[in-house]
Every structure is written in structure tokens, then in C-alpha cells.
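Protein chains in written order, with this note's numbering: chain A, 1 to 266; chain B, 1 to 266.
Hints are supplied without guarantee of correctness; some may be wrong.
When chains are identical, the list treats them as one kind, so a pair holds in a single copy or across two.
[Unchecked claim] With a straight-line cut-off of 20 Å between C-alpha atoms, the simulated EDC-like cross-links for lysine to aspartate or glutamate are:
#: 1; residue 1: 223; residue 2: 69
#: 2; residue 1: 265; residue 2: 177
#: 3; residue 1: 223; residue 2: 177
#: 4; residue 1: 75; residue 2: 232
#: 5; residue 1: 254; residue 2: 240
#: 6; residue 1: 254; residue 2: 182
#: 7; residue 1: 254; residue 2: 128
#: 8; residue 1: 254; residue 2: 209
#: 9; residue 1: 134; residue 2: 102
#: 10; residue 1: 254; residue 2: 76
#: 11; residue 1: 254; residue 2: 208
#: 12; residue 1: 223; residue 2: 209
#: 13; residue 1: 75; residue 2: 165
#: 14; residue 1: 265; residue 2: 96
#: 15; residue 1: 75; residue 2: 182
#: 16; residue 1: 265; residue 2: 100
#: 17; residue 1: 265; residue 2: 255
#: 18; residue 1: 223; residue 2: 182
Derived from the structure by calculation, the hints contain no laboratory data.
2 protein chains.
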Amino acid sequence: MNRRELASLAGLGAVAGTIGAGPLKLAQAVAQQAPNNPPRLQVAALIYPRMILLDLAGPQTVFNLMRADVHLVSKDRSPVMPDVGVPILPTMTTAECPADLDVLFVPGGLDGTVVAMGDPALTDFLADRGSRAKYVTSVCTGSLLLGAAGLLRGYAATSHWYVRDLLADLGATPRAERVVVDRNRVTAAGVTAGIDFAIEFARQLRGDEAARLFELVLEYDPKPPLSAGTPELAGPGLTDRVLQIRSSVLASAKDAVAQAAQRLKI
Amino acid sequence: MNRRELASLAGLGAVAGTIGAGPLKLAQAVAQQAPNNPPRLQVAALIYPRMILLDLAGPQTVFNLMRADVHLVSKDRSPVMPDVGVPILPTMTTAECPADLDVLFVPGGLDGTVVAMGDPALTDFLADRGSRAKYVTSVCTGSLLLGAAGLLRGYAATSHWYVRDLLADLGATPRAERVVVDRNRVTAAGVTAGIDFAIEFARQLRGDEAARLFELVLEYDPKPPLSAGTPELAGPGLTDRVLQIRSSVLASAKDAVAQAAQRLKI
């Protein structure tokens with residue numbers, strides 16, 4: 001990513017001393033700021049049924065430490081039910097979402113992503129806001145949705161390992177990396193990669209010291225108990241089993257990608 | 001942890017073939033089961049204002065893969081606002097919570113934890129359910145709340161690094177580990193440790209293969225961008241800065257621990 005572009009967005013660096021103060025301290029610190037301080041980062045996170053809450057919660061925690069306004073955007077104001085039993089209340093509709101955003105963010109959750117890819121109201125919204133957003137970002141299968149909106153043509157990108165190669169059909173260059181930064185597109189691998197994404201994103205916008213502070217505050221020194229988080233680590237047996245278990249929705253994803261590619265004339 | 005105890009709880013192992021099917025497939029698979037299949041794991045997660053959503057979302061994702069019923073328990077039915085802007089709707093009140101649980105789970109979030117430690121309605125609830133729950137568990141500062149309920153006396157335990165030593169004042173033996181298992185108490189370090197906790201917990205209850213499957217489905221191959229997630233990794237400068245930023249709430253935590261210790265006659 002172009003460091004100069006990022007630096008220009010990172011106007012909040014002037015108050016970096018308060019960045020790690022924790023959500024509440026932070027909110028207070030912000031409230032006490034003089035009105036001539038730089039505006040808060042405007043983030044729109046698309047939320048949709050069957051998305052994975054963790055895809056949102058990881059990045060949202062870090063956006064919060066970055067003192068961002070995170071708008072939870074849905075087609076209407078109804079609560080959105082993700083994979084687990086915490087309904088998410090939208091804070092605005094797609095129609096209400098500001099035209100010019102700092103960050104457009106799309107979480108994943110394959111079952112929901114496939115449905116969303118076939119909904120022009122959502123892909124049109126993403127195509128429009130994504131065309132002007134300073135950063136276009138995703139976690140997990142969220143990148144398929146960005147791709148279906150035509151936002152990854154000509155970009156390197158990643159996704160959950162089991163759909164990553166489908167990105168090529170949407171005009172992107174798939175990369176088997178945890179977080180892929182290509183100009184202003186920042187995409188991440190499956191589910192838990194949302195935390196790596198968010199800290200890397202914070203590093204790019206706020207610098208190394210702020211990102212190190214966030215890691216320390218969130219005690220981010222992960223220790224996967226089994227070391228089986230990728231097909232390479234898990235081996236072919238377990239990988240085949242996941243592919244088999246998910247075969248039906250993976251077939252639907254392939255169809256949805258083909259339809260999107262046709263629509264986009266890729 | 002006693003493997004035999006765990007194995008006896010892990011009756012769902014008979015349907016291990018469906019465990020990694022993903023939330024939706026899983027729900028369908030469960031719905032299709034004959035009624036004489038083993039009961040679902042009953043988990044009560046205490047939710048309280050200013051808790052950290054990520055502390056809950058990580059474990060909840062894995063509990064969901066384990067086909068657990070996760071009850072979100074609060075003093076009343078009002079939505080609970082965590083650190084970020086996703087209000088959590090309780091699914092039951094403390095009064096409605098089943099007397100006998102498989103798992104009692106407490107997330108953290110220091111500002112909220114300190115307030116909750118001073119609320120007898122919450123500590124009495126935890127002491128009661130924790131006295132009979134098969135497993136008593138926490139992420140981050142949630143262990144202070146377990147300790148304030150007298151549930152960690154004589155147990156090894158951990159917490160967020162910046163309050164870990166306070167556990168000693170509540171009768172526990174603090175350990176600087178990512179996840180600490182001592183008999184039926186399973187406690188985890190700060191925030192992001194919730195994912196390690198949940199996968200280790202799944203491993204103990206469902207075995208290595210199921211836990212490996214969960215890691216693969218969640219693509220849990222974390223790559224912290226900065227490697228600064230503990231005081232040892234971050235160094236004294238950054239650590240002191242966090243301690244200074246959080247000094248006010250850390251002082252309140254110390255007071256709350258002292259009061260709880262006095263009440264518990266520790």
C-alpha cells in the first residue's frame with residue numbers, strides 16, 4: 001500500500017498518545033478534544049444475514065481503538081442474525097450510508113455471502129461506495145462479495161482458503177497470504193484472520209508504535225493449540241473432509257461467482 | 001484437566017462427523033437428529049455492560065461449532081452495550097438461568113469487570129452456578145469476576161497480563177500462560193486469548209481431531225503483524241505506557257479485588 005496515501009489519511013496521528021487508552025478512556029479522550037481536531041475515521045461495515053460475528057468483532061475492536069466511527073450498514077433497519085445468537089442492529093441503511101467513506105469493510109460467512117452475491121441492491125451499493133472509499137477491505141469470504149461488485153478486478157487479494165481460487169474468476173489475482181494489501185484494497189484470509197487484518201491496517205494508518213500498543217492491549221500473542229489452521233498444516237485428509245462437509249455451499253459459491261463474472265463481463 | 005471427566009461430558013462425540021459442518025449445516029444436522037441423541041452442551045455466558053465483544057465472539061464461534069446452546073445471561077432483559085457498538089440482547093436473566101450448567105463462561109473487559117465485581121447480584125449468581133457447573137471458564141478479566149465470586153480459591157488461573165497478579169489476592173495461583181486448565185477451571189489471558197481458550201476447551205471435550213477441524217474451518221493460523229502481544233515481547237517502554245494509560249481503572253481493580261477478598265475472608 002502507498003505509505004504516503006496512508007499517512008495522509010492518518011491525520012489522527014497527532015493524538016497517538018491517547019490511541020491505546022482503551023475503548024472507554026478513548027471515548028472520553030475524544031469527547032474532550034477541541035472541535036478543530038481531525039475527524040474520526042468513517043468506516044462502513046456491511047452486515048448481512050448468516051455473516052460470521054467474529055469476522056466483524058475482531059476488526060471492530062481494533063477500529064474502536066483507532067477511534068473510528070463504525071457504521072453497521074444493512075438494506076433496512078431489521079436486526080441481522082449472524083452465525084451465532086447475537087442479532088446485530090444496523091446503525092444505518094445502505095441508502096443512508098455516507099457517499100464518501102474512509103473505509104468500506106465486508107465481513108464473510110460463506111452461506112450468507114453466496115446469497116448476498118446474488119442481491120443487486122448489495123453489490124450495487126458496494127460498487128458505488130467502493131469506487132470512492134479510501135480503503136476497500138474484507139475478511140474471509142467478504143472478498144467474494146467485493147469481487148462480485150467488481151471491486152477486485154486487477155487486484156491481488158485473498159479469502160477463506162476454500163474459496164480463494166474463485167477470486168480469479170472475478171478478475172483478481174488470488175494470493176495464499178494471511179493479509180493481502182494491494183494499493184487501497186486490503187483483504188484477509190478466513191475468520192480469525194480478521195484480527196491480523198485489523199492490526200496490519202492500523203499499522204499502515206497509524207504506524208508501528210500504535211499497532212504494537214494495540215497488540216499489547218489485546219494481548220495478541222496467539223497460540224493455536226493444534227497448529228491445523230491451513231490445508232498445508234492440517235494435511236489432505238482433514239482438508240478433504242472440510243471440503244466434503246461444505247461441498248453444497250461451495251458449489252453454490254462457484255455458481256454465484258460464475259453469474260457475477262458474467263454480469264461483470266469478466 | 002481430568003480427561004475422563006471431560007470424556008464423560010463429551011457424549012456428543014458420537015456425532016463428531018458433523019461437528020465441523022459450519023454453523024448452518026450444523027444446525028440442520030442437529031435438527032435432523034433423532035430425539036434420543038445426547039443433549040446439547042448447555043453454556044451460560046454472563047454478559048455485562050462494557051464487556052469486550054471479542055471476548056465473547058471468539059468462544060461463541062467455537063461453542064457454536066461444538067453444537068452448544070449458549071445462553072446470554074444478564075440481570076435483566078435490557079440490551080447490554082459492550083466496548084463496541086453492537087448491543088447484546090440477553091436470552092435469559094440470571095433468575096431464569098438453569099441451576100445446573102455444563103459450562104459457566106465469563107468474558108472480560110476491565111472497566112465493566114470492576115463494576116460487576118462490586119455487584120452482589122452478579123457474584124452471588126456466579127458463586128451459585130459455578131458451584132455446580134461442570135466447567136467454570138473465563139477470558140481476559142473475566143477471571144477477576146470468577147475470583148470475586150470465590151470460584152478460584154485454590155486453583156491455578158490466568159487473566160489479562162495487567163491484572164493477572166491480582167488473582168493471588170483472590171486465593172488463586174496466577175500463571176503466565178495463554179490458557180490455564182486446573183481441574184474444571186479453564187481461564188484464558190487477555191481478549192484475543194478467547195480463541196485459544198475455546199479451541200483448547202473443544203479439544204478437551206471433543207478430542208484432537210474435532211479441534212483440528214475447527215482450526216481449519218476458522219483458518220486459525222494467526223500471524224501477529226508486530227509480535228508485541230505480551231509485556232515480554234513489547235518491552236518495558238510500551239508496557240509502562242499501557243499501565244499508565246490504564247492506571248485509573250487498574251487502581252479501581254485493585255480496590256475491587258481487596259473488597260472482594262475481605263468479603264470472602266481470604
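For each hint, the structure was consulted:
1. 223 / 69: Answer is neither: 31 Å inside a copy and 26 Å across each miss the 20 Å cutoff.
2. 265 / 177: For residue 265 and residue 177, the Cα distance exceeds 20 Å both inside one copy (27 Å) and across copies (53 Å).
3. 223 / 177: both (19 Å within a copy, 10 Å between copies)
4. 75 / 232: For residue 75 and residue 232, neither the intra-copy (38 Å) nor the inter-copy (46 Å) Cα distance is at most 20 Å.
5. 254 / 240: within (17 Å within a copy, 51 Å between copies)
6. 254 / 182: neither (24 Å within a copy, 46 Å between copies)
7. 254 / 128: Answer is neither; intra-copy 24 Å and inter-copy 51 Å both fail.
8. 254 / 209: neither (41 Å within a copy, 28 Å between copies)
9. 134 / 102: within (5 Å within a copy, 47 Å between copies)
10. 254 / 76: neither (28 Å within a copy, 45 Å between copies)
11. 254 / 208: neither (39 Å within a copy, 31 Å between copies)
12. 223 / 209: Only across copies: residue 223 and residue 209 sit 17 Å apart there, 23 Å inside one copy, limit 20 Å.
13. 75 / 165: neither (29 Å within a copy, 47 Å between copies)
14. 265 / 96: So residue 265 and residue 96 fail the 20 Å test inside a copy (29 Å) and across (56 Å) alike.
15. 75 / 182: neither (29 Å within a copy, 47 Å between copies)
16. 265 / 100: neither (26 Å within a copy, 58 Å between copies)
17. 265 / 255: within (15 Å within a copy, 65 Å between copies)
18. 223 / 182: Only across copies: residue 223 and residue 182 sit 18 Å apart there, 28 Å inside one copy, limit 20 Å.
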